[in-house]
Amino acid sequence: MLGYVLRRLVATIPVVIVVAVVVFSLTRLSPGDPAAVIAGENATTEQIAQIRNRLGLDQPLLVQFGRWSWNIIHGDLGVSIFTNTPVASLIVQRIGPTLSLAVVTVIFALLLGIPAGVLAAVFARRLPDRMVMLVAVAGFSIPIFVLAYLLILGFAISWPLLPVQGYAPLAQGFLPWLSKLILPSLALALVYAALIARTTRAALLDVLAEDYIRTAKAKGLLPREVVWLHALKAASVPIVTVVGIGIALLVGGAVVIETVFAIPGLGRLTVDAIARRDFPVIQGVILLFSGVYVLINLVIDLSYTWLDPRVRFA
Amino acid sequence: MAIAVPVKEDTRPARRSALRRHPTVVIGLVILIAVGLMAIAAPWLATLDPTALSPAKRLRPPSAEFWFGTDMMGRDVWSRTVYGARVSVITGLSVAALATTVGMVLGLLAGFDRTIDAILMRIMDGLMAIPAILLAIALMALTRASLSNVIIAIVVAEVPRVVRLARGVVLTLRDATFVEAATASGTGFFGLLFRHILPNAVAPLVVQSTYIAASAMITEAILSFIGAGVPSSTPSWGNIMAEGRTVFQIAPQLVLFPGLCLSATVLAVNMLGDGLRDMLDPRLARRVK
Amino acid sequence: MGLSMRDRLGGRCGRLISGLAGLLAAASLAITAVPAAAQTVLRFVPHADLRSVDPVWTTAYVTRNHGHMIYDQLFSLDSKLRPQPQMVESWTVTPDKMRWEFTLRPGLNWHDGTPVTADDCVASIRRWAARDVLGNRLLASTETLEVLDAQRFRLTLKQSFGQVLEALAKPSNNALFMMPKRVADTDPFKQIEETIGSGPFKFVRAEWVPGGKAVYVKNTDYKPRSEPADFLSGGKVVKVDRVEWMSVPDSAVAVAALGAGEIDWLEVPAPDLVPIIERDAAITVRPIDTIGSQLSIRINHLHAPMDNPKVRQALMAVIGQSDYLNAISSDPRWVKACPGYFGCNGTPYESLAGVDGNLKQADFAKAKRLLKEAGYKGERVVVLDPADVHYSHAPALVTAENLKKAGFNVDLQTMDFGTAIGKINSQAPLDQGGWSLFHSYATIMDVLTPAIATGLRAGGAKNAAYGWPTDPELEGLRTKWLTLTDPAEQKAYADKVQARAFDVVPYIVTGTLIIPTAYRKSVDGIVPSGIPVFWNLTKK
Numbered sequence: 001m002l003g004y005v006l007r008r009l010v011a012t013i014p015v016v017i018v019v020a021v022v023v024f025s026l027t028r029l030s031p032g033d034p035a036a037v038i039a040g041e042n043a044t045t046e047q048i049a050q051i052r053n054r055l056g057l058d059q060p061l062l063v064q065f066g067r068w069s070w071n072i073i074h075g076d077l078g079v080s081i082f083t084n085t086p087v088a089s090l091i092v093q094r095i096g097p098t099l100s101l102a103v104v105t106v107i108f109a110l111l112l113g114i115p116a117g118v119l120a121a122v123f124a125r126r127l128p129d130r131m132v133m134l135v136a137v138a139g140f141s142i143p144i145f146v147l148a149y150l151l152i153l154g155f156a157i158s159w160p161l162l163p164v165q166g167y168a169p170l171a172q173g174f175l176p177w178l179s180k181l182i183l184p185s186l187a188l189a190l191v192y193a194a195l196i197a198r199t200t201r202a203a204l205l206d207v208l209a210e211d212y213i214r215t216a217k218a219k220g221l222l223p224r225e226v227v228w229l230h231a232l233k234a235a236s237v238p239i240v241t242v243v244g245i246g247i248a249l250l251v252g253g254a255v256v257i258e259t260v261f262a263i264p265g266l267g268r269l270t271v272d273a274i275a276r277r278d279f280p281v282i283q284g285v286i287l288l289f290s291g292v293y294v295l296i297n298l299v300i301d302l303s304y305t306w307l308d309p310r311v312r313f314a
Numbered sequence: 001m002a003i004a005v006p007v008k009e010d011t012r013p014a015r016r017s018a019l020r021r022h023p024t025v026v027i028g029l030v031i032l033i034a035v036g037l038m039a040i041a042a043p044w045l046a047t048l049d050p051t052a053l054s055p056a057k058r059l060r061p062p063s064a065e066f067w068f069g070t071d072m073m074g075r076d077v078w079s080r081t082v083y084g085a086r087v088s089v090i091t092g093l094s095v096a097a098l099a100t101t102v103g104m105v106l107g108l109l110a111g112f113d114r115t116i117d118a119i120l121m122r123i124m125d126g127l128m129a130i131p132a133i134l135l136a137i138a139l140m141a142l143t144r145a146s147l148s149n150v151i152i153a154i155v156v157a158e159v160p161r162v163v164r165l166a167r168g169v170v171l172t173l174r175d176a177t178f179v180e181a182a183t184a185s186g187t188g189f190f191g192l193l194f195r196h197i198l199p200n201a202v203a204p205l206v207v208q209s210t211y212i213a214a215s216a217m218i219t220e221a222i223l224s225f226i227g228a229g230v231p232s233s234t235p236s237w238g239n240i241m242a243e244g245r246t247v248f249q250i251a252p253q254l255v256l257f258p259g260l261c262l263s264a265t266v267l268a269v270n271m272l273g274d275g276l277r278d279m280l281d282p283r284l285a286r287r288v289k
Numbered sequence: 001m002g003l004s005m006r007d008r009l010g011g012r013c014g015r016l017i018s019g020l021a022g023l024l025a026a027a028s029l030a031i032t033a034v035p036a037a038a039q040t041v042l043r044f045v046p047h048a049d050l051r052s053v054d055p056v057w058t059t060a061y062v063t064r065n066h067g068h069m070i071y072d073q074l075f076s077l078d079s080k081l082r083p084q085p086q087m088v089e090s091w092t093v094t095p096d097k098m099r100w101e102f103t104l105r106p107g108l109n110w111h112d113g114t115p116v117t118a119d120d121c122v123a124s125i126r127r128w129a130a131r132d133v134l135g136n137r138l139l140a141s142t143e144t145l146e147v148l149d150a151q152r153f154r155l156t157l158k159q160s161f162g163q164v165l166e167a168l169a170k171p172s173n174n175a176l177f178m179m180p181k182r183v184a185d186t187d188p189f190k191q192i193e194e195t196i197g198s199g200p201f202k203f204v205r206a207e208w209v210p211g212g213k214a215v216y217v218k219n220t221d222y223k224p225r226s227e228p229a230d231f232l233s234g235g236k237v238v239k240v241d242r243v244e245w246m247s248v249p250d251s252a253v254a255v256a257a258l259g260a261g262e263i264d265w266l267e268v269p270a271p272d273l274v275p276i277i278e279r280d281a282a283i284t285v286r287p288i289d290t291i292g293s294q295l296s297i298r299i300n301h302l303h304a305p306m307d308n309p310k311v312r313q314a315l316m317a318v319i320g321q322s323d324y325l326n327a328i329s330s331d332p333r334w335v336k337a338c339p340g341y342f343g344c345n346g347t348p349y350e351s352l353a354g355v356d357g358n359l360k361q362a363d364f365a366k367a368k369r370l371l372k373e374a375g376y377k378g379e380r381v382v383v384l385d386p387a388d389v390h391y392s393h394a395p396a397l398v399t400a401e402n403l404k405k406a407g408f409n410v411d412l413q414t415m416d417f418g419t420a421i422g423k424i425n426s427q428a429p430l431d432q433g434g435w436s437l438f439h440s441y442a443t444i445m446d447v448l449t450p451a452i453a454t455g456l457r458a459g460g461a462k463n464a465a466y467g468w469p470t471d472p473e474l475e476g477l478r479t480k481w482l483t484l485t486d487p488a489e490q491k492a493y494a495d496k497v498q499a500r501a502f503d504v505v506p507y508i509v510t511g512t513l514i515i516p517t518a519y520r521k522s523v524d525g526i527v528p529s530g531i532p533v534f535w536n537l538t539k540k
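Chains as they are written, first to last, in the working numbering: chain A, 1 to 314; chain B, 1 to 289; chain C, 1 to 540.
If you're looking for bench data, these hints aren't it; they were derived computationally from the structure. Keep in mind it's a predicted model, so treat the numbers as computed, not measured. Positions of the beta carbon are idealized from the N, C-alpha and C atoms, including for glycine. Heads up, a few of these hints could be off.
Subject to a maximum C-alpha distance of 35 Å in a straight line, what follows is the list of computed DSBU-like cross-link-like pairs (lysine-lysine) [unchecked claim]:
1) C:K496 with C:K405
2) C:K360 with B:K57
3) C:K372 with B:K57
4) C:K405 with C:K158
5) B:K57 with C:K404
6) C:K496 with C:K97
7) C:K223 with C:K521
8) C:K480 with B:K57
9) C:K405 with B:K57
10) B:K57 with C:K521
11) C:K336 with B:K57
12) C:K480 with C:K360
13) B:K57 with C:K491
14) B:K57 with C:K310
Here are the computed distance ranges between Cβ atoms for each label pair [stated by the list, open to error]:
15) A:I107 with B:I250: 31 to 37 Å
16) C:T483 with A:I73: 33 to 39 Å
17) B:A56 with C:A365: 49 to 55 Å
18) A:G56 with B:S148: 32 to 38 Å
One chain only, chain A, in its complex shape:
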């Protein structure tokens, strides 16, 4: 087991290198110039050149890349050009909101998706199944920002139940924290719940057809217990897979949702940084996202063995 984990960890190194190279070249090939953004519209070319010089942006790209990678290896993500703040502390400031959003979204998605999937599987090919599946496909088909506006219009303006926007850290109390996260998480969770509902349904149907379930039925256990105890356990493997895929999805959605709901999270940090060409921030955050993605996938692979004894380490 330990050997497997180590091998997998080593295998992530080339992935991270690829990400680093891709992200670095993307930012440096782009026509925008942070020095120009800083200097504003009325600066002379000479002033801009001076700013570029102070930022070290006039050095050869290879030198810049070398210096950046050297610092990364030493745990230093660099300093944001615009805010003059270490990228690491920007990330620490913003990880709370994004993590909160992600956790509440996953909880909502599971709460909505799994029962819907079970319902659909139990009533396979009958009306409840058709309805659930239609809603699930529709879930993929609405752009997330449209959904977000509809939720705000419905539950914060027309019927002012919940806050329109903003984020309250958990330190200000559980209720303020949750109340501000409900609408954004719901908007994000729908796509995700649709995904989980489809997976749950399919996995359950698969499992229900297997021998040991039939045996359980024959032993006289009630169908409901059969479904919940045996089937869901086996179905957990594909569900976990979907959660893994969903992480990437969540990041894309978070960019939009954080913008609409004014949540100061990592998604907005990245989009802002791209718009201003704050190279160290773009590089640091995307590297972080990729690292998290790789790690989560590792954890998911490991969890297969734990959830399903039939899976062995490769």
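Place chains B and C on chain A using the hints.
Frame of chain A; chains B and C shown alone:
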């Protein structure tokens, strides 16, 4: 971006009419044909020039002159929506075609050659680890906004998943008995490729490409929302909504009409994909991931 | 077996969740201190997010506004745009206006409790002058700038300079703020590290989320002047305990948040959403910035066809200001025609010199005739279109459409603002990613005089702002203007500058934008000013 991940369906053989057997395919096709016709007939359906500005007539509600009202620049929303079908259709089709072709070629290469496989898959893993939306935004920052650049950006973000799928198919087939038999009987590389591998790879790739088409249309809209989409001189459902979103309280038509069109189209593509998957190969869902 | 599996799952999930919750709590504790209940907290949504805290290093308006919170100025402008003493107690000037002596008010302290000295002020002036156009000219005309004692410093000019107090009172890009000497000694091309000023508010650095939230608390040690607050001048008496600047990037959501009372003051509501806000009896909508902003088309003079004055004249012929204003807002209260280069509505150098019917209405016949005279051969005109900035995007579409009608070969390039601003600073030819036209806007405080209106600088590729107009005559008039000290002469020469500008078209003004602000009725006493300031106001 894997918005739609197909999953296994139960598969009881049914002998009914096409509509009864595959209602989703039929409904999906009907909607898609309608959207296709709208795209082709846009010049005749549109009542006004979709790019003509008339600042004096901005944000008018729907009326006899402006069926869907006007936007912030006084452009006719109905005409823009009709022309917007073109962008969505072109984006969906070309991203699906390009991503599938490129992904298939790379995937086949990776499936056949261990060295290429090792290098290519590390690059693909890396690209996949970058959130697709962020990758597309960064790519858009590289270049000026245009439909073709949006398509390229989405293709780059989608390719890694196709490569994985195609490679997986090749790897499974390579060890399959019938392929081993063919190799033993002296079938050459290309014979193997065209006679055995490709026909078996087509079904999962076609299904995957429908999901790519659906997700590409949504991604186009999200890119517009972020401000990295198709320029508004080429109306698209995404950029009509993105430009109109700030005024959704006073001019809901700007988000409503293109939003409905987009959702219906994506819904149709997804339904078609689900149906195709059931039709082509009930078991292939195992490989589509 | 099923049961044990469930137990294991439950146990691990539980641990995972409590672990996550712990992490969340730690992350949120790090950035928050809950304000005490009795405090009055004003929640404000600025037009942009505070990303940099150095008002010399960057020209972002939001950073300038941050400067007015935590720093103080030697002089500040009153509502007639005249410099009034702020940190300065008194000053003397020789009759030839060549030697100035300034004495600071007693009792001025930095936020760390140490006293403000003349030494600090001189260092602050020097750092600012390295980056500001007017400051640059001032120091170039200066013989010595010396500290006399802790309270006094002296400025001795070597050549006549008509804008000494105007420079010291400069309210906007770049505004002159006083910083402690150790901070002001920072390389002007590098960002300052400290956020210590002597102004009416203190910056709470620990709560700053760059691009998300900025927090200020009342500086209880601040000694305001006794005069009433007037524009930026007068007594800065703070009547709230805490001001929070919050970022709400989506303008529709910001308006909804104001309606729901989640915020108290929205600096710039989208003009199209004003009707919704006005329906709400709990909200006041009014312009507090009556001077407004100047909308303009900046022209790149380095490349054909725009290097030809006749072609630029043709460009001017297709500009009707009403087209641009309509594209920005349908409400005439927020957009006003204003052909002059130095602002309208009673600005000191407001003028119609050289206007001569220009900019009223697009005249395509005239444009075509001028293009013919210019020998225009269909060279490409690259119009940059930053789609994410409404005040640049909408005008770009109008220009592209009108230019096409006049027979120009237009290449409308849509991009994000980050790309656009990188491009406008590039002198590259058009086929190497260069540009011809860019739509900009600036507060009229930044274009009040021939000296500070940087778009009029006409020293060519080396000595002008982006666009790089070259016209020795215009440049000569501007230089001459700076030396004038007689008001009548200043006005006459400002007119000459404007008349010359209409001939050579360094850039084109497309109108004035009066952006209204919106705040809840619980807020009272907002000081009308071109810059949102937080003294004098109260919140119930």
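Tell me, which hint numbers fail for this structure? Result: hints 4, 8, 13, 16, 17 break, sorted rising.
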